[in-house]
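Quick mapping for you: the protein sequence lines, in order, are chains A and B.
Heads up: the first sequence is residues 47 to 308, going by my numbering.
Heads up: the second sequence is residues 85 to 341, going by my numbering.
Think of the hints as simulated: they come from the structure by calculation, not from any bench.
Quick caveat: nothing in here was measured; it's all calculated off a predicted structure.
Do not take every clue at face value.
Stated by the list, open to error - With a cut-off of at most 30 Å between alpha-carbon atoms, the simulated BS3-like pairs for lysine-lysine come out as follows: (1) B:Lys90 <-> A:Lys220; (2) A:Lys236 <-> A:Lys250; (3) B:Lys97 <-> A:Lys167.
To be verified - Which chain A residues face chain B? A few, computed with CB under 8 Å, are given here: (4) Ser115; (5) Asn135; (6) Ile137; (7) Val145; (8) Glu168; (9) Tyr170.
What the hints assert, rightly or not - Partner residues are not named here, just some residues of chain A that face chain B (Cβ under 10 Å, in silico): (10) Met96; (11) Gly144; (12) Glu164; (13) Gly191.
Each residue gets a CB set at the ideal place from its N, CA and C atoms; glycine is no exception.
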Amino acid sequence: MITLENVCKTYKVSRRDAGFSSAFKALLHRRCELIHALDNVSFTIADGEMVGYIGPNGAGKSSTIKILSGILTPEEGTCQINGLTPWKNRIEHVKNIGVVFGQRTQLWWDVPVMDSFELLKEIYRIDPAVYRRNLEELTDMLSLGELLRTPTRQLSLGQRMRCEIAASLLHDPKILFLDEPTIGLDAVSKLAVRDFILKLNAEKKTTVILTTHDMQDIEALTSRIILIGKGKILLDGVIDDIREGFESTEEGLASFYRSHDI
Amino acid sequence: MRLYGKFFVMHLKSIMGYKTSFLLSCLGNFLVSFNVFLGIHFMFRRFSRVEGFTYSEVLLCWGITLLEFTLAEAFARGFDTFGSVVRQGEFDRILVRPRNVILQVLSGHIEFSRIGRVLQAIVMFVFGIRMSGVRWTTAKAAAVAVMLLGGAVVFAGMFVIYAAICFFTLEGLEFMNIFTDGAREYGKYPVSIYGKRVLQLCTFVVPYALIQYYPLLYLLDRGKPWYALLPLAACLFMVPCLLLWRLGMRHYVSAGS
Chain A
47 MITLENVCKT
57 YKVSRRDAGF
67 SSAFKALLHR
77 RCELIHALDN
87 VSFTIADGEM
97 VGYIGPNGAG
107 KSSTIKILSG
117 ILTPEEGTCQ
127 INGLTPWKNR
137 IEHVKNIGVV
147 FGQRTQLWWD
157 VPVMDSFELL
167 KEIYRIDPAV
177 YRRNLEELTD
187 MLSLGELLRT
197 PTRQLSLGQR
207 MRCEIAASLL
217 HDPKILFLDE
227 PTIGLDAVSK
237 LAVRDFILKL
247 NAEKKTTVIL
257 TTHDMQDIEA
267 LTSRIILIGK
277 GKILLDGVID
287 DIREGFESTE
297 EGLASFYRSH
307 DI
Chain B
85 MRLYGKFFVM
95 HLKSIMGYKT
105 SFLLSCLGNF
115 LVSFNVFLGI
125 HFMFRRFSRV
135 EGFTYSEVLL
145 CWGITLLEFT
155 LAEAFARGFD
165 TFGSVVRQGE
175 FDRILVRPRN
185 VILQVLSGHI
195 EFSRIGRVLQ
205 AIVMFVFGIR
215 MSGVRWTTAK
225 AAAVAVMLLG
235 GAVVFAGMFV
245 IYAAICFFTL
255 EGLEFMNIFT
265 DGAREYGKYP
275 VSIYGKRVLQ
285 LCTFVVPYAL
295 IQYYPLLYLL
305 DRGKPWYALL
315 PLAACLFMVP
325 CLLLWRLGMR
335 HYVSAGS
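With the rest of the complex left out, here is chain A:
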């Protein structure tokens, strides 16, 4: 169970014009603006639910994920995930979550994937029997096989993403955060990743929170969407709320963004 209530987060952003002289001016006097990355965000997600968390770039998606995973501390508001506050009980909390940042790797660049997995086993103190079982299952479901013996730097993006997802599930997390998991993937890899997420959610009842810009991901995976824009929750409902009256979800979404001026 995830509950987020009235969460606010602001950042300081310094702005300046391009060019050397304005860079020099900024050195002497910096103009700062406060950006409300999250403004009174509240929602509840039940166990085993699969939720698409969408919004334009800079809307506050990543900030929310970072708060939910205990990386950032909000200025205001409360957050309870299975009875724990992420930023206060960080260590206890992160044992139960898996996080995949689509654009960053958690695998070691120069060693075979298997070695990275072994290290994760140590970090999460995974019981050897559980580890072996999970590894077998994940290898099978994501068809990792040979990939495990390849150094990460020699994997293709799609292969790497499959390994990333496996890496974040070795410790049996109850909640999985996927931050743009299909970004840059080819059609085959995308489908493989989607299939896997569906199976994971159905078989293990893992709660999945997914951020993406790919509407096909959302259509294939989630029934519920939460839409955020300029730090505010604008919609908490189903995909049809957006698609209605448009040819594709993409167009519906674009029109929704425009009408809310985000």
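Following the hints, put chain B in place on chain A, whose structure we already have.
Frame of chain A; chain B shown alone:
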């Protein structure tokens, strides 16, 4: 500790892929500090004493300081490169893992090319001890061990401060190198030769004198016996360093995704 060991093996596995690069940087690291030795050597060919310290005494001082620094560097290197860890968002990854943050940062970067420097430090250390003409007793040997411990802690503390500043600036500040690499360079001579002010600063603010000058006086039979215990007091320096680190952690705003 077991986890640190695992990370150690991982780093070892990683660099084994780049053999030539590894050997060359080992050699480079070795030569850099050898340079400093030559500097001392040639200076003493012109002047036989510096502020009452002889060539062999300075060598002893430098050998110990260099080894203190190198030990700290070998273990706490992760803090030294912490700026890039924060900027590239790797720190987020550290935070989503159920382990102590400091332990993870420590194990994040272990540089084996520093082996060159460690070797150099050990050679200088042994050389300094042989040349010093000190009549070694058990008490003095223990004093050296305490110096190494205290020194490693103080230098590690400087690395922690350096890293904590990254939370605020997102970048390591070059001026902090005055206190890390700079201190190693100045540390080749007993702190007292830089004058009374510097000695005071290094006693009460950043406790370099406690790990170098005072216990050295004891080794050379010029100081009181309790000087030998001062490096232990210097370990307290770690406390404000860790407090600053905690403050920085609270201030942390992660880099965009």
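Hints, one by one, checked against the model:
1. Distance restraint check for Lys90 of chain B and Lys220 of chain A: the Cα-Cα separation of roughly 26 Å lies within the 30 Å cut-off, and the hinted pair is therefore satisfied.
2. Restraint check: the Cα-Cα separation between Lys236 of chain A and Lys250 of chain A comes to about 21 Å, which is no more than 30 Å; the hinted pair holds.
3. With a C-alpha separation of about 17 Å, the suggested pairing of Lys97 of chain B with Lys167 of chain A holds against the 30 Å cut-off.
4. Interface restraint check: Ser115 of chain A against chain B, minimum CB-CB distance 5 Å, threshold 8 Å, status holds.
5. With its C-beta approaching chain B no nearer than about 10 Å, Asn135 of chain A sits outside the 8 Å limit, and its interface hint is violated.
6. Interface hint at Ile137 of chain A: satisfied, since its Cβ lies 5 Å from the closest Cβ of chain B, which is below the 8 Å cut-off.
7. Interface hint at Val145 of chain A: satisfied, since its Cβ lies 5 Å from the closest Cβ of chain B, which is below the 8 Å cut-off.
8. For Glu168 of chain A, the interface hint holds, the least distance from its beta-carbon to any beta-carbon of chain B being 5 Å, beneath 8 Å.
9. With 8 Å as the threshold, the beta carbon of Tyr170 of chain A comes within range of chain B, its nearest partner Cβ sitting at about 6 Å, so the hint holds.
10. Because the smallest distance between the Cβ of Met96 of chain A and any Cβ of chain B comes to about 20 Å, over 10 Å, the interface hint for this residue is violated.
11. Proximity of Gly144 of chain A to chain B holds as hinted, the smallest CB-CB distance being about 9 Å (cut-off 10 Å).
12. About 8 Å separates the beta-carbon of Glu164 of chain A from the nearest beta-carbon of chain B, less than 10 Å, and the hint is met.
13. The restraint placing Gly191 of chain A at the interface with chain B is violated, with a minimum CB-CB distance near 21 Å, outside the 10 Å limit.
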